[in-house]
Amino acid sequence: MSKIISTEEHNNFVVVKTEGYFNKDLGELVISLVEENVKEDKYHFILDLEQSKIVNSIGASILIEVIEILQEKDGSLSLCHMAPIIEKTFSIMGLTKYCNTFKSLEEAVAQ
Amino acid sequence: MSKETKPSVELRIPILKDMELVATNTADVIAKYMELSEEASGEISMALIEATINAFEHSESQKDIFINFTISDDELTIKVIDKGKGFDSEGIQIPDIDSKLKKQERKRGWGVMLIKELMDSVDYESGNDGTTLTMTKKKKNEQDN
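Those protein sequence lines, which keep their order, are chains A and B. Residue 1 is where the first sequence starts when you use the numbering used here, and the numbers rise one by one after that. Residue 1 is where the second sequence starts when you use the numbering used here, and the numbers rise one by one after that.
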């Protein structure tokens, strides 16, 4: 089952960890969480995909919406722990042009 | 192997949520059998997810879809067959994230592009009685990588 397994704050970032297939359902959970946090003036997010090894383009498309929301607030979306095929997929889509990408959460938090 | 009937695996998949993962699980097993690289295996799975979702969504069909894997010495051929109304693959616009971000444009529509980028060959045959997508992934030798 796809789900958000944790949401924590580190430095200035909201760190969101997911588990399972990053599909439409999980994408919608993430965008809802981002929208809730934006209302509380939190605009910088790190999505930790260590436990999500597979994605589809519908889930990825929702991340484009997330980027759009955060751009309006001068916020940011960072991605870490991407499986190689997820990184490749996001690169083909051009998503990685609009996100900071990191190998580890530690690197993402320290940016 | 080439003079004999090539081994094949056939799946019949109902149009139900996340059933595309049945296809990727099968593809993983076949990729391991063929000793394809992890990279190639991931690319096949991703292309298969997109092809299966497209078959589910674009066919407007309530019928099952069929996936056929044919194994040969040098490549894996996958056919994804739906019995929907068909579609014009040539008429699909190449998506661009810059324009999707700047305009109130629909964010989706990446499937065909991803399939073409991830597989070695992609061909659509589409008509009133459905669509057959044929895609191949070549088996590369270590020294080719």
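If you are wondering where the hints come from, they were derived from the structure by calculation, not from laboratory data. What you are looking at is a predicted structure, and each value in this text was computed from that prediction instead of being measured. Mixed in with the good hints there might be a few duds.
Cut-off 30 Å, straight-line C-alpha distance, at most; resulting in silico cross-link-like pairs (DSS-like, lysine-lysine) [said to hold, decoys possible]:
#1 A:73 to B:83
#2 A:73 to B:79
#3 A:42 to B:63
#4 B:63 to A:73
#5 A:17 to B:63
#6 A:24 to B:85
#7 A:103 to B:63
#8 A:17 to B:79
#9 A:53 to B:85
#10 A:103 to B:85
#11 B:6 to A:24
#12 A:88 to A:103
#13 A:3 to B:107
#14 B:85 to A:3
#15 A:24 to B:140
#16 B:139 to A:39
#17 B:116 to A:103
#18 A:53 to B:138
#19 B:32 to A:24
#20 A:88 to B:107
#21 A:24 to A:88
#22 B:63 to B:107
#23 A:88 to B:140
#24 B:140 to A:53
#25 A:53 to A:42
#26 A:39 to B:107
#27 B:79 to A:103
#28 A:53 to B:116
#29 A:53 to A:103
#30 A:17 to A:103
#31 B:102 to A:17
#32 A:53 to A:3
#33 A:103 to B:32
#34 B:107 to A:53
#35 A:53 to B:139
Tested hints:
no.	hint	verdict
1	A:73 to B:83	45 Å, violated
2	A:73 to B:79	45 Å, violated
3	A:42 to B:63	45 Å, violated
4	B:63 to A:73	45 Å, violated
5	A:17 to B:63	36 Å, violated
6	A:24 to B:85	24 Å, holds
7	A:103 to B:63	42 Å, violated
8	A:17 to B:79	35 Å, violated
9	A:53 to B:85	33 Å, violated
10	A:103 to B:85	44 Å, violated
11	B:6 to A:24	37 Å, violated
12	A:88 to A:103	14 Å, holds
13	A:3 to B:107	22 Å, holds
14	B:85 to A:3	34 Å, violated
15	A:24 to B:140	33 Å, violated
16	B:139 to A:39	50 Å, violated
17	B:116 to A:103	27 Å, holds
18	A:53 to B:138	23 Å, holds
19	B:32 to A:24	28 Å, holds
20	A:88 to B:107	18 Å, holds
21	A:24 to A:88	19 Å, holds
22	B:63 to B:107	27 Å, holds
23	A:88 to B:140	19 Å, holds
24	B:140 to A:53	24 Å, holds
25	A:53 to A:42	27 Å, holds
26	A:39 to B:107	23 Å, holds
27	B:79 to A:103	35 Å, violated
28	A:53 to B:116	21 Å, holds
29	A:53 to A:103	14 Å, holds
30	A:17 to A:103	14 Å, holds
31	B:102 to A:17	28 Å, holds
32	A:53 to A:3	13 Å, holds
33	A:103 to B:32	26 Å, holds
34	B:107 to A:53	22 Å, holds
35	A:53 to B:139	23 Å, holds
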